[in-house]
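Colleague: For reference, the chains in residue letters:
Protein chains: 6
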Amino acid sequence: MQLHLSTWPEVETYLQSSTGIIIPIGSTEQHGPTGLIGTDAICAEAIAQGVGEETGALVAPTINVGMALHHLGFPGSISLRPSTLIQVILDSLTSLARAGFTHFYLINGHGGNIATVKAAFAELYYQLEILNISQASRVRCQLDNWFMARSVYQLAKELYGDQEGSHATPSEVALTQFVYPQSIKHAPLAPNVAKGYGIYGATQFRQSYPDGRMGSNPALATPEHGQRFYEAAVQEMSENYRRFLQEN
Amino acid sequence: MQLHLSTWPEVETYLQSSTGIIIPIGSTEQHGPTGLIGTDAICAEAIAQGVGEETGALVAPTINVGMALHHLGFPGSISLRPSTLIQVILDSLTSLARAGFTHFYLINGHGGNIATVKAAFAELYYQLEILNISQASRVRCQLDNWFMARSVYQLAKELYGDQEGSHATPSEVALTQFVYPQSIKHAPLAPNVAKGYGIYGATQFRQSYPDGRMGSNPALATPEHGQRFYEAAVQEMSENYRRFLQEN
Amino acid sequence: MQLHLSTWPEVETYLQSSTGIIIPIGSTEQHGPTGLIGTDAICAEAIAQGVGEETGALVAPTINVGMALHHLGFPGSISLRPSTLIQVILDSLTSLARAGFTHFYLINGHGGNIATVKAAFAELYYQLEILNISQASRVRCQLDNWFMARSVYQLAKELYGDQEGSHATPSEVALTQFVYPQSIKHAPLAPNVAKGYGIYGATQFRQSYPDGRMGSNPALATPEHGQRFYEAAVQEMSENYRRFLQEN
Amino acid sequence: MQLHLSTWPEVETYLQSSTGIIIPIGSTEQHGPTGLIGTDAICAEAIAQGVGEETGALVAPTINVGMALHHLGFPGSISLRPSTLIQVILDSLTSLARAGFTHFYLINGHGGNIATVKAAFAELYYQLEILNISQASRVRCQLDNWFMARSVYQLAKELYGDQEGSHATPSEVALTQFVYPQSIKHAPLAPNVAKGYGIYGATQFRQSYPDGRMGSNPALATPEHGQRFYEAAVQEMSENYRRFLQEN
Amino acid sequence: MQLHLSTWPEVETYLQSSTGIIIPIGSTEQHGPTGLIGTDAICAEAIAQGVGEETGALVAPTINVGMALHHLGFPGSISLRPSTLIQVILDSLTSLARAGFTHFYLINGHGGNIATVKAAFAELYYQLEILNISQASRVRCQLDNWFMARSVYQLAKELYGDQEGSHATPSEVALTQFVYPQSIKHAPLAPNVAKGYGIYGATQFRQSYPDGRMGSNPALATPEHGQRFYEAAVQEMSENYRRFLQEN
Amino acid sequence: MQLHLSTWPEVETYLQSSTGIIIPIGSTEQHGPTGLIGTDAICAEAIAQGVGEETGALVAPTINVGMALHHLGFPGSISLRPSTLIQVILDSLTSLARAGFTHFYLINGHGGNIATVKAAFAELYYQLEILNISQASRVRCQLDNWFMARSVYQLAKELYGDQEGSHATPSEVALTQFVYPQSIKHAPLAPNVAKGYGIYGATQFRQSYPDGRMGSNPALATPEHGQRFYEAAVQEMSENYRRFLQEN
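Sequence lines, in order, name chains P, G, R, U, F and E.
Be aware that the first sequence starts at 1, since it is given in our numbering, and climbs by one per residue.
Be aware that the second sequence starts at 1001, since it is given in our numbering, and climbs by one per residue.
Be aware that the third sequence starts at 2001, since it is given in our numbering, and climbs by one per residue.
Be aware that the fourth sequence starts at 3001, since it is given in our numbering, and climbs by one per residue.
Be aware that the fifth sequence starts at 4001, since it is given in our numbering, and climbs by one per residue.
Be aware that the sixth sequence starts at 5001, since it is given in our numbering, and climbs by one per residue.
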């Protein structure tokens, strides 16, 4: 059940049986010469819809711009500052919490979001309590990264070994190929991909990783792999979501 | 050309021939008993993609949560505060401006966004200039509301007359039916729909407009109407976009 | 009854018969070679006092610096950023709302304020409700632009036709001449005044409108015209205010 | 020379001979049973105009709402939060500094503003330098409280002794009587006025000072006294301003 | 009793007999060629611990970075912007107020903090009241500058006369020598120390005061003097604290 | 070399040979019935000083209040909101970066700080670049948690096994006992310590972990253990710091 395709009376009815909601969060940032700029949002959204179908959970619209300041050296990347993203999450989850939602399960497609989102959760609990929002102390948030799900991680290791890398990875590219087979891109990929550098500012990132990849070989990706990642992630995260709903 | 389905080298190439970009902005808010909560984002996104195809413009991901504080009395609505939305627009457009984009054309699906977006534009020009961002003084932003396009407005009058109303209108519902025919909703609609009240806070709004509609009869909507609205909007706004690119 | 010329016990008494208040809002910005920098504040303040006398309403001090970022290319202009002006309005109206005021009628002298003020109203309703301020849901705000009042607009068309223009207009200059006859300015005005350009940042504005006027011929203004504008605005806006007080 | 009664070319000319500007800052807050709510703004504005005439300095519009949070327990009081007032001062002075003004002389009518304004000055210098605003390192700000001018202070002691008190004082009331003789208020004043309590929040302030006065007897004020205060303040602060302009 | 060396049950017990707390606040900024960068924090912390021992009061951790923007021209200085420091104080004191503390006594070692801290107090009272924090109206804050204590001031005059100066003073240097005798520094001090200039931005400050001292001769300081300052300050401020606790 | 015990000329000299600096960051929060409220700051500070001695690095004053919102249900805890802590880090590191420091090594004592500090780093790089701060693109930040150092972790496992737990752990208590042997606390500890619950808001945290411990048995701690933890951490983190300085 997708929020943007539902009516408010349907949401009202839903709240009678569940106060949980799934929120996909991605990013709009370069993913190397062949990866889609929307990769992280596409992956999070697709999996969130899959988990929503599997569990009957309501799925909110995707937060498709996240914290990607270090990718701003590549054209097409868009980022919020962490302090802005915190406010976006506070406002959005407060809207839902006041309507009765208590369990917020964020399916995340981008490592760069993790720190900011966790900071936002802490500020949310505080804000809800200090404002005396009804049921504030019952609110629970969880961030779950699809690419760190155990089954996904193992599959990536099995299929790609060291060539999985850590950005513009074949696993995420494969998943976007499964979702958007008409948008599979081809471009020459230098065999000696940069890896092992730290991640600091945008200038340093582009200097260290000149084509945007971090140790990855996305040429290994196929839509069939993408389907396997999708299925693994949906199954594992559906279980995670069901378990999360038990948190009281 | 959609940004989230492009690679950064493709964007780099695009910038050589155009520095314009289209950004759809909608809202996630109640649209009466039968309107989809994502109506405003769905409409803006569909039209933006149409304009993108028509003009060859790059289309950014949709800002799908906007300024809908007055709808928060209905479950499922999500809103940013205006001061948060201003920061979102500042951060996002600054990301793109630093990469070389100069013309930002926002296709808007929600009247409640207008004031905040215009305020954000003013703050953006200022911020870019005071930060000495390269080409700051060449940046131009325009907000265009699809539902106020002349051809759209006339078609709505012709098809629905006074029953068009001003929220959860048959025209926007029709457009969502065209885009998502599998999500057409049915629910009893009281014949005496509320209208004519002001819009203030969330409590007042729900008291004044108890089922969420403002003077509208969305039961008149059909997917075929939706297609006509879509085509009219795409054509008119494509011309608007081309004209906007001439603004120097 | 002017707030700054009243005592707190007088305000306490006033609140027993009315919870409405008028707040003039202007701007401090260039108005062409002959227009006063305080034009927008002067006009809003004078009319607000007139409406106050006509209706017995309390009139707050004028917000004399507004949103004029695009005028900052001309010396003497002062502007708040939209995000600052939103906080000013939030703080000010919250002060009054906690004391029992419920109806805030802003008489506006500057088009550039409109978007930001409307954004602020939305944030105010939200803030009052989420903070559980007493009577929050009864608060109503309205922004009324004196220069868009029907009788004013018609008079301007009748007196000046196309030479009214849209900034540093003869109508607003006339009104300031009526209020401050000792400050009537003379300067050569090029006959070919710039017009028709968009309004973006400060650099672009000054390039497009080098003497600060937008299509206007303020040389047509006279103090007598100013009096007619004043009287028309006071009468029409007094009616508007009375009607606004009925909004519940 | 008053900014709001000047044109931008007049300001351009003024800047060729002086880069100093006077900014009156007051407050909108209760001043006891007979003091005007606008007392602090009225006093600052009148003296600023006097100093402007005496020295030929440009005088900006009055900041008429300041930091008066502790007076919010009395109806009619309006206050900004310190963090808002800081932004107002940053934005306003940055506007002027970018146009070439370097010396900002604030004539203050309200003790409650002092801390916040001084904090804002510090933040302003920093902001101008970090933004690389032209001439940033030459900007100088000074806050001068008219009621603490030596000649004023001595006159108040001479005329009122201990009955001067520290809020709603006869000296400031006298000055408003001189400026607005038609707005002299009369009300019974309890002989045992509260005094000696600290100033904390709004609730405490009203409990400690139930009629709003702090140890003062404003019944002693006369318009003639007001004129003497006015003249003393204008003379002394004109000298202060001239000296301040020498600060390089 | 020091907070950082206590357990929460000990704090819970403490609150049963007292709701007062002492918070030292200093700065991290240059103090001339021989003064320690931590001087202000060291002095405030040492005296706060002394007062804590004398009065049995709980002493919070030291706020060791304050408002020192004008010292940023000298390496090693660290400063918060005033608007940041206000938030630090709001968050910290709100944490404690919600736990039951009502009397906050800040022992300050740095003149540059005064304005910002006082602004923060005003905002705190307001925030606690508007958020309906329990006991909000009973909260009292006081800022006490050790270097302005009468006994300290007199001792400094007696020992150093005009060579006390106003920054990097022998009195504060002496106190740090008493606390950290192993960190006594020696460096040549030009006999003609700069004095009498205003304090504006960082660039101006360093130009006016090239070695960081303001009219002082810290070579006069000795650890024995430091002990006398310490004892005078502890005694006087202990009395101040006890008196402050009586404020209701 | 400790910053607060240094003079600015010493820092100037230091910068000629190194642009690295160590910043300890802790927290002020409950640590169970026997743990010190300052535990996290004490540990971070002690280890930072040790690493400073070992490597010759400059050590900044400790950030002793961090992100501990979830501990606010226990008296004595103090926390910044994440959005405040981000500003503190931005301001502090910007101060140092403008003076020439490029490598910021934060030694962290509190898990709750991690997300916010990492978010702040990202925002810092961005802010420095967008403000065109000299050497902005060379700035590098690293957060290193002493309790997660491999040698520390292994020692804790070896000494305490499962009774290490995850808050108010014997390892951190031991370290504070080594640093402050005079502040070793004794209190009855229930054998059945709570564990395994999530961490959400303050109310939930106290309900889940009623005495503040999370699965730990701090009664196992001894000062001798503390010394071993100290030495292991100092050695490992000194190597980490040296390696970090190589990051270019």
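No wet-lab data here; the hints were simulated from the structure.
Careful, some of the hints might be misleading.
Stretches of chain F that chain U covers, calculated by requiring three or more beta carbons in the stretch to come under 8 angstroms of a beta carbon on chain U [stated by the list, open to error]:
#1 4191 to 4201
#2 4226 to 4240
Beyond 12 angstroms from chain P on every Cβ pair, some chain E residues (computed) [said to hold, decoys possible]:
#3 Gly5056
#4 Arg5150
#5 Ser5151
#6 Glu5239
This structure is a prediction, so every number in the text was calculated from the model and none was measured.
No residue lacks a Cβ here, since even glycine has one placed at the ideal position from N, Cα and C.
Colleague: Against this structure, judge whether each hint is valid.
Modeller: Taking the hints in turn, this is what the structure says about them:
Restraint check on the segment 4191 to 4201 of chain F versus chain U: 3 residues with Cβ-Cβ distances below 8 angstroms, three needed, restraint holds. Coverage of the segment 4226 to 4240 of chain F by chain U is violated [criterion: at least 3 residues with CB-CB distance below 8 angstroms; count 0]. Look at Gly5056 (chain E): its CB is around 23 angstroms from the nearest CB on chain P, clear of 12 angstroms, so calling it non-interface holds up. Residue placement check: Arg5150 (chain E) keeps its beta carbon more than 12 angstroms from all beta carbons of chain P (closest about 19 angstroms).
Every Cβ of chain P is farther than 12 angstroms from the Cβ of Ser5151 (chain E); the closest lies at roughly 22 angstroms, confirming the non-interface assignment. The Cβ of Glu5239 (chain E) lies farther than 12 angstroms from every Cβ of chain P, with a closest approach of about 16 angstroms, so its non-interface assignment holds.
In terms of the numbered hints stated before, the structure departs from hint 2 and from no other.
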